[in-house]
Structure formats: structure tokens, C-alpha cells
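Student: Protein sequence lines, in the order shown, are assigned to chains S and W. In terms of our numbering, the first sequence opens at residue 700 and continues consecutively. In terms of our numbering, the second sequence opens at residue 3 and continues consecutively.
No wet-lab data here; the hints were simulated from the structure. Some hints could be false.
If you only want the chain W side, here are some residues facing chain S, beta carbon under 8 Å, derived [unchecked claim]:
#1 Arg157
#2 Val164
#3 Leu165
#4 Tyr173
#5 Val177
Note that the Cβ used here is the ideal one computed from N, Cα and C, for glycine as well.
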Amino acid sequence: MKRQIPVLLVFVFGVFMIFQYFSPHEYSEWIYKFLMDWIYIIGIFAMALGIWSLIHVSYDKIKNKRHDWGYSVVTLAALFIMMFFGITGFDENGEWGFYFMTQEGLTNPMFRNFFNHILVPIETTMFSLLAFFISSAAYRAFRARNVLATMLLVSALVVMLRFNPYFGEAVGLYMNKIAAWLLNVPNMAAKRAILIGIGLGMVGTALKVVLGIERGYMGKG
Amino acid sequence: MRYILIIFSLILITFSAVIGQVDPVVTDSLAPVPAPPAPVTEVAVSDKANDHGHALIIEWKRSLDDGAGSNAVMLYEIFRSEFPDSAFKMVGSVPLGNERFEDIGTIEKESRDYIPDNTNLYYRVDAVTIDPVVRTSSEVYGPVQSYSNWFHKGRVPVLTAVLIFGALMVYFVSVARKGTELYVRPLAGIAAVDDAIGRATEMGRPILYILGLGTADMISTIASFTILSRVAKQVAEYQTELIVPCYDPIVMTVAQEVVKSSYLDAGHPDNYKEDSVFYITTNQFAYVAAVNGIMLRDLPATNVYMGKFYAESLILAETGAVAGSIQIAGTDEVGQLPFFIVACDYTLIGEELYAASAYLGREPIMLGSLKAQDYAKAAVIVLMILGLLAINVHLNAFIEIFKVVD
């Protein structure tokens with residue numbers, strides 16, 4: 700019974716989702732919207748579970764003085780500090796208070812300072828690491844170990860160097876044409892072949908889930 | 003006295019003439035009023051097809067003074083009423099040259115734009131000149147009603163394809179159930195999972211499983227759950243440590259259940275640790291920073307990336323490579339595949355991610371569904387070649403069969 704009810708629910712809602720794609724009727728749209736709203740509701744409750752999980756795991760590390768437990772202290776401190784400043788602030792009259800359902804917390808200067816001057820730079824730093832990782836990945840990928848790797852290297856060079864201003868107009872134009880052909884013909888063909896496979900795989904997996912053949916999401920793969 | 007009067011009259015006349023020259027209002031007031039334009043003809047209103055109702059399409063033939071004749075028409079204004087001869091309300095306008103207007107209303111009754119379904123409605127189209135007062139109304143068209151459609155006729159090709167695909171799946175599943183051997187080509191990435199878990203056990207290091215940035219309703223995440231259940235089962239059997247940091251709290255909840263069930267199936271429910279599947283954050287790069295930290299601190303023997311990945315794919319995979327872990331990746335995000343291919347030891351490309359569960363399970367039902375996918379792919383290739391031929395010989399009827407209208 701514990702497994703049959705979820706399978707039955709998945710079947711009913713899965714069939715409805717297929718039906719609603721083919722039925723634009725007002726009632727069908729209304730039920731679809733209603734179900735989508737439920738995703739948000741479940742998401743909000745799940746967020747509480749998620750935060751609890753983070754607190755629990757971090758607290759456990761600190762309590763048992765596990766390896767690198769200091770990072771967990773920073774995690775919890777950051778969580779509670781941001782939470783505190785996010786729900787407190789000053790109203791129009793300059794009076795301090797708690798604001799759970801309004802925007803005052805988000806306009807709190809401390810919240811904004813932490814967000815703009817700590818979180819945003821850290822995020823930007825993480826993203827900028829990508830440039831260096833691309834270089835190291837490209838170095839590995841473009842080593843001319845065999846014929847195919849050499850073709851890849853040459854193609855990549857053509858695609859990259861077409862923007863080089865020192866080649867002159869004539870060479871640049873010629874490289875542009877080769878690069879456009881590489882991107883629009885072999886590259887696009889491979890991309891579309893993968894996309895067709897993905898599309899069919901998605902439909903196949905979705906049908907398997909709806910029909911109860913695939914139950915991996917319940918730990919019964 | 004007579005001379006004084008004459009001089010005064012001359013001054014008055016001169017003054018009037020000067021005033022007349024500098025004041026354009028006097029001249030403008032004498033400008034001719036445009037003549038009413040010819041009315042639009044053949045007004046026709048119909049329900050908008052394949053929609054949720056509350057929408058109608060108004061079509062007409064242009065006024066003879068639109069771009070021709072007196073060239074007086076500037077725009078067309080469309081009016082609607084529930085009565086044939088009164089209470090008309092303007093619902094929109096289109097510039098000259100147009101012959102069509104879609105009156106799309108909302109479903110909400112309280113809204114000003116609400117159009118009632120199954121109610122008699124009347125329409126008229128006014129041809130309007132530069133002077134909004136000067137206009138000519140068409141004849142009133144009606145009654146006409148809007149209504150909801152239960153079936154989207156433009157999506158018949160999709161329905162046909164789904165039905166054929168479903169039938170293929172049912173057929174191959176029944177064939178597989180009868181015991182017919184179905185060949186599935188080896189997937190190196192999946193075959194490597196067993197070795198990778200064995201390696202982790204030998205080294206006494208954990209296995210890191212990343213479900214990606216997808217939400218629980220994405221097919222790639224659902225496929226990833228299936229692979230996770232297999233990995234968790236083997237991990238439970240080998241008694242190795244499993245770490246599953248999650249990006250989405252719903253995914254975390256499902257993943258906890260998946261891992262728990264796998265440990266139970268493997269006969270080691272006591273070894274399951276709830277903290278092995280945990281939530282980090284829904285912030286992309288904060289998540290990456292946390293996972294990279296785990297990779298560099300805990301040095302997992304194996305990193306498995308299965309699911310939806312975006313810009314973080316290379317940051318994760320390169321950090322894993324630096325940490326010296328064996329890396330197996332799989333995603334349906336085409337843009338991220340090259341990054342995984344260069345940074346990981348094995349990569350499942352696109353649909354291989356979905357095939358992995360069938361390959362791992364080796365159950366006839368799953369293999370049957372894979373066969374159906376292969377035949378569907380063959381059908382797509384044949385249809386593409388036929389489409390190519392048809393478009394070159396201008397056989398448009400064949401192309402139209404596959405046209406999907408939204």
C-alpha cells in the first residue's frame with residue numbers, strides 16, 4: 700500500500716498532465732494552475748525541511764568537533780545573521796521592528812550591505828573561476844593526441860581566431876566563413892542529433908514513470 | 003471729422019490685417035473638415051480556435067479610403083456589445099492597412115477585459131479619420147459566441163507520435179517479457195560505476211553524488227534518482243560512505259527517501275545515515291563553493307554528476323579532477339556536455355542518462371522501453387530524409403502533416 704498509493708497518484712496526475720497538454724479548455728487550465736500552485740506550497744514546506752537539514756548537519760559537526768567544524772560555525776552564523784537582518788528593519792517613521800511578510804526587512808541597510816558587499820563579490824569570484832577552469836579544460840581537450848583530437852584543435856582555433864583583429868579583413872572574412880560553416884553544419888547536426896535523442900528519452904522516461912514501470916524516484920529502481 | 007473717421011477706419015483695417023496674419027487660429031478654423039470615409043465591409047467574427055475561450059477573431063475588408071480614394075482612414079476601432087444596437091464598448095484599435103483583430107479577454111469575471119463565453123456578442127468596426135469625430139461605422143455583426151475547446155487540433159501530430167511511441171513501448175515490453183533477448187549497447191559510464199564504487203571501498207574514501215541544479219519535476223532529475231538508488235544499493239552492500247549534497251529542498255527530501263529505501267533493499271537499513279543526504283542552498287555559486295569544499299576536504303574517491311547542470315558543471319568537474327577523484331557525469335544539458343567530456347573520466351551523453359536506469363536494472367520491461375526509443379529514433383531519421391526530399395520537390399502537403407500549431 701505504501702508504494703501503490705504514490706504510483707496511483709503519479710499515474711492519475713501524469714495522465715492529467717498529458718491530457719491538459721492536448722486540451723486548452725478553461726477547466727483543464729484551471730486544474731493545471733491549481734496543481735502548479737501546489738508545487739509552490741510544497742516547495743515552501745520543503746524549504747523549511749532543507750533549512751532544518753542544514754542546521755542539523757552543521758550543528759552535528761560542531762558538537763562532535765569533526766574535521767573542519769569551524770566552517771559549520773561560519774555557515775550557521777551567516778544563516779542566522781542574514782535571517783535576523785532579513786526580518787527586521789525600520790518602517791517609514793524610522794521605528795525598528797520585525798517584518799515577516801513585508802519588504803522592510805529586505806531594505807534593511809545591514810541586510811543590503813551583507814548582500815551587496817559580501818555575498819555578491821563571493822558569487823562573482825566563484826563565477827570568475829570559470830575562466831581559469833575553461834583554460835585548463837581546453838588545454839586537456841586540445842592536446843593533439845590523435846587525428847580526431849587534432850581536428851578538434853584546428854576547428855577550435857578557427858572558431859576562436861576569427862575574432863582576432865590582426866589577421867586583416869581578407870583572412871578574417873575567410874575564417875569567419877569557415878567558422879560559420881563549422882558551427883552551422885557539423886556542430887549543429889551533432890547538437891540536433893543529441894537533442895532528438897534527449898527528446899525521445901524524455902518522453903520514454905516520462906511514460907515509464909506515469910505507467911509505474913520506472914520507480915527509481917521511490918527508491919525502487 | 004470725416005477725415006478722422008477715415009483715418010480711424012484705415013487704422014482698424016490695417017490692425018485687423020496684421021492680427022489676421024499672426025494668428026493662425028483664424029486660418030485653421032477655416033480648414034475643411036475631412037469627409038467621412040467609406041465604411042469597412044464584410045465584417046466577420048469567429049471564435050478563436052484551440053483556446054480556453056473568452057476570445058474572438060474579427061476580420062473585415064478595408065475601407066475604400068484606406069491607402070486609396072480620399073486616403074482619409076488613419077485607424078480602425080473595434081467595438082463590442084452584448085446588444086445589437088447599443089452599449090458598444092471599444093475593445094481595441096489597429097492602424098490603417100489591417101484587416102484583423104484578436105479580441106482576447108481574460109477568464110476573471112472581475113476583470114475589465116473579461117469576455118463571457120457562450121453569450122451572444124455583437125461587433126462593429128469604425129473607420130476613423132485624423133479627426134476622431136469623423137468616422138464611419140460598419141454594419142453590426144452578430145450574434146457570435148466564444149467558447150472553450152476541449153481538444154487542441156493543432157497538436158494532432160504530437161498526439162499521433164505519442165500514441166505510436168506508446169504502442170511501440172507496449173509491444174517491446176511484451177516481447178521482452180516473453181523472454182526474447184534484447185541487445186543494448188554497453189554504456190561505458192554506467193559500467194564504470196561498479197568499478198568506481200569498488201575503488202572507493204578499497205581506498206576507504208566516500209562517494210560524492212551530485213544531483214545537479216534541477217528540480218524534482220525535471221526528467222533528468224528523475225533519471226538521476228533512479229541511478230542514485232542503484233549506486234546507494236551498491237554503496238550499502240560495500241559499506242562505503244555516500245555523500246549527497248542537494249541544491250533543492252524537494253530533491254533532498256526525495257533523495258533521502260531513495261537512499262533510505264536502497265539501504266533497506268540491500269539489507270543494511272542500520273547503515274543508513276540521514277545526514278548523508280543534506281541540503282546546502284538554492285544559490286548556484288554558493289552551492290558550488292560548498293560542494294568544492296567537500297571535494298577538497300573529504301577527497302572522495304568517486305564523484306558522480308547526474309542530472310541538470312548549468313555554468314557550475316566545469317567548476318565542479320575541474321575541482322574533482324584536481325582532487326584526483328574518478329568522475330562519472332551525465333546530463334541532458336547540451337551546452338554543458340563538452341565541459342563534462344573534457345573534465346570527467348566517463349560521460350553519459352543526453353539520452354544515455356535516461357537509458358542508464360534500464361541498463362543498470364537489466365529488467366526486461368526497462369530494456370523493452372529502450373528498444374522502443376531506438377525504433378522511434380529510426381523512424382525520426384526516416385521521416386527527416388522524407389521531409390528533406392518532400393521540401394525539395396515542393397510536396398508541401400507532406401510537410402503540413404507534421405506541422406504543430408501552438
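Student: Checking hints one by one. Is Val164 of chain W an interface residue toward chain S, by the C-beta closer than 8 Å rule?
Tutor: Val164 of chain W check passes; min Cβ-Cβ to chain S is 7 Å, inside 8 Å.
Student: Does Tyr173 of chain W pass the interface check with chain S, least Cβ-Cβ distance below 8 Å?
Tutor: violated (13 Å)
Student: Have a go at the Arg157 of chain W hint: is there a Cβ in chain S nearer than 8 Å to its own Cβ?
Tutor: OK, holds: Arg157 of chain W within 8 Å of chain S, min 6 Å.
Student: Could you check if Val177 of chain W really has its C-beta closer than 8 Å to a C-beta on chain S?
Tutor: violated (15 Å)
Student: Should the interface hint for Leu165 of chain W be scored as holding, given a Cβ-Cβ cut-off of 8 Å against chain S?
Tutor: This interface hint is violated because 11 Å lies over the 8 Å limit.
When held up to the earlier numbered hints, the structure conflicts with 3, 4 and 5 and fits the remainder.
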